Every structure is written in structure tokens, then in C-alpha cells.
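Q: Position chain B against the provided structure of chain A, taking the given hints into account.
There are 2 protein chains.
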Amino acid sequence: MTSWTLAAAAAAAALVCCGPAAAQFKNSDDAIEYRQGALAVMGHHFGLVGAMADGKVPFDARAAQANADLVVTLAKLPWSAFVEGSDKGDTNARPEIWSWPDKFKAAAQRLQDASVKLAAAARTGKPDELRTAFGATADTCKSCHDDFRKKH
Amino acid sequence: MTSWTLAAAAAAAALVCCGPAAAQFKNSDDAIEYRQGALAVMGHHFGLVGAMADGKVPFDARAAQANADLVVTLAKLPWSAFVEGSDKGDTNARPEIWSWPDKFKAAAQRLQDASVKLAAAARTGKPDELRTAFGATADTCKSCHDDFRKKH
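Sequences listed follow chains A and B, in order.
All letters in the first sequence, in the order written, are residues 373 to 524 by the working numbering.
All letters in the second sequence, in the order written, are residues 373 to 524 by the working numbering.
If we strip away everything but chain A, and leave its shape as in the complex, we get:
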């Protein structure tokens, strides 16, 4: 990748995303590994909140808060890694991510907003509020996957 291409990719990433820790990647594979890693770790902690929200494991306010806080932190990360050219490779990303950047950005923002509400719900210590906020957050995942993730 030339310096110019790298700069263009960074500019594209900045368009899609960002946050205080804007990411820079060596190449597409590196970006794909990063965003898949962030999504996997986020999904795991989101699942732990969900197990409590669904009553599959006993409600534990401290654990709910810790896991929801991790979801908030991780939900900020993947988006800067959808750099130009990273629709190729070991990825389920659909080309619409790059052809509809505003829609993708809005979807990413909905998750981030919902996760902040999820963490606030966890802080109430009320399982009903956690359940509602978990469902709303899960809806943002599903909606984004429907539009932007390849079907299996």
C-alpha cells in the first residue's frame, strides 16, 4: 500500500467513523482482524448481559454494569476499521457499508446510543429495565446485520 493509498484509506475511515482513538491499520487484513475482534469481544459481553436480562443466569447488578460498560467501550471501536478496500478478504462485510456510508454511520451510532442506555439501565439494578434496554440494543445489532452483513 502506498503512502497515498494509506492516507486515502485513513481519510475514508475518518469519514465513516470515529472517536478519540481513531484507528490506523497496516492493511485490510489487519483492519478486518481488528473489527472482528472488537465485535466478538463486544458480542460476548453483550451476551452475558442478555443472559441476565433473559433470566438465564441470576441477576447480578455489579456484573451487569461491568459487562454493559465494556459494551459501551467496545461499541465505539469497530467502525474506523471499515477502511476502503477491506470489503475483500475474510469478511462478511457487504459493499453497502461503503456505498451507503451515511446509513452505515447512523447504524453504528444507534448501537452506541443504545449501549449507553443499556449501561444506564444496568445501573438501576432493575432487571425489567435491563431487559428493555437489552432488547433495544439487540434490535440495533440485528438491523445493522440485516443491511450490512452478508447472509450465510
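Since the hints were made in silico from the structure, they are not lab data.
All of these numbers come straight from a predicted model, not from anything done at the bench.
You may find that some hints are simply not true.
Which copy is meant is left open, so a pair is good if it fits within one copy or across any two.
List of simulated lysine-lysine pairs, DSSO-like, C-alpha gap at most 30 angstroms [claimed, not checked]:
1) Lys460 to Lys477
2) Lys498 to Lys522
3) Lys489 to Lys460
4) Lys498 to Lys398
5) Lys428 to Lys398
6) Lys428 to Lys460
7) Lys460 to Lys498
8) Lys489 to Lys398
9) Lys498 to Lys475
10) Lys460 to Lys523
11) Lys398 to Lys475
12) Lys475 to Lys428
13) Lys498 to Lys523
14) Lys398 to Lys522
A: Only chain B this time, still in chain A's reference frame:
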């Protein structure tokens, strides 16, 4: 996996690790994906701090802090995913992780302690302090990899 095995795996995980958001995994592959994801994301943000510490990119105190804070958060996560049985599969984890659990736990703690100092150094806004703390943190990565990661 039976309930008993799951309980045993959870107990083993608790021995190796933890933190407020103790992880629970469906199976070994899930645990491996999680810990590799957490390490990849942490490594990425650590690398961004390193690029500044080494003068490869201009020093930016805000970005250094944001990236170092992410390293602190992520450095807490992988250890609970080294559950019993997850030495098999798509992993570079060496069996010594399970045969020397105290040594592995101490190595994981050294990274976490060093990353807290890295974040403190980032807050000083002094590139020299960041460089020193980055080197100390990188030493904890190398030391742990030397003992517990398979060579390629």
C-alpha cells in the same frame, strides 16, 4: 459439555483470572475467539501508542491517552478465556498456561500493572515518559509470549 464440565471450566477460569466481568464461554472455540479478539484489539491500540512513543507519528497527548486507556481496559479481558480444554483448536497457547497457572497469572498481572503506568505516563503529556512506560509494557508482552505462546 456437561454442566459439571462447564462448572469445572468456570472454576478453572476463576483460578487463572479475573475481574468484574468474569467471562463465561459456550465452548473452547468461543473462548479462543474471545481472547484472540481482545489481544488483537489491545495490540492494535498498544501499537498506536508505540508509534507515538517511537516518534513514528507526531505525539498527540489526547490520542495517546485514549489508546492507553483502551489498553488498560482490554488488558483485563483475555485471561478468563484460557479455560480448561482451550489449549486445543486454533490457538497458539502453550500447555504451560495450564500447568503453571500461578506463573501465567503473574505474567498477566504484570501487563495489567504496566498498562496502568502507561496510561499514567500518557497523561503527563511527556513523550519521554511515554516511551519509557511503553518499553516496560512491551517487555511484559514479550516475556509472556516467550513463556506461554507457541513459536512460529
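Q: Does each hint hold? Answer for all of them.
A: So, going through the hints one by one against the coordinates:
{"no.": "1", "hint": "Lys460 to Lys477", "result": "within (20 angstroms within a copy, 38 angstroms between copies)"}
{"no.": "2", "hint": "Lys498 to Lys522", "result": "neither (36 angstroms within a copy, 45 angstroms between copies)"}
{"no.": "3", "hint": "Lys489 to Lys460", "result": "neither (34 angstroms within a copy, 38 angstroms between copies)"}
{"no.": "4", "hint": "Lys498 to Lys398", "result": "between (44 angstroms within a copy, 26 angstroms between copies)"}
{"no.": "5", "hint": "Lys428 to Lys398", "result": "between (41 angstroms within a copy, 14 angstroms between copies)"}
{"no.": "6", "hint": "Lys428 to Lys460", "result": "between (38 angstroms within a copy, 28 angstroms between copies)"}
{"no.": "7", "hint": "Lys460 to Lys498", "result": "neither (44 angstroms within a copy, 40 angstroms between copies)"}
{"no.": "8", "hint": "Lys489 to Lys398", "result": "between (34 angstroms within a copy, 27 angstroms between copies)"}
{"no.": "9", "hint": "Lys498 to Lys475", "result": "neither (33 angstroms within a copy, 40 angstroms between copies)"}
{"no.": "10", "hint": "Lys460 to Lys523", "result": "both (16 angstroms within a copy, 29 angstroms between copies)"}
{"no.": "11", "hint": "Lys398 to Lys475", "result": "within (26 angstroms within a copy, 33 angstroms between copies)"}
{"no.": "12", "hint": "Lys475 to Lys428", "result": "neither (34 angstroms within a copy, 34 angstroms between copies)"}
{"no.": "13", "hint": "Lys498 to Lys523", "result": "neither (36 angstroms within a copy, 48 angstroms between copies)"}
{"no.": "14", "hint": "Lys398 to Lys522", "result": "both (24 angstroms within a copy, 24 angstroms between copies)"}
Checked against the numbered hints listed earlier, the structure breaks hints 2, 3, 7, 9, 12, 13; every other hint is satisfied.
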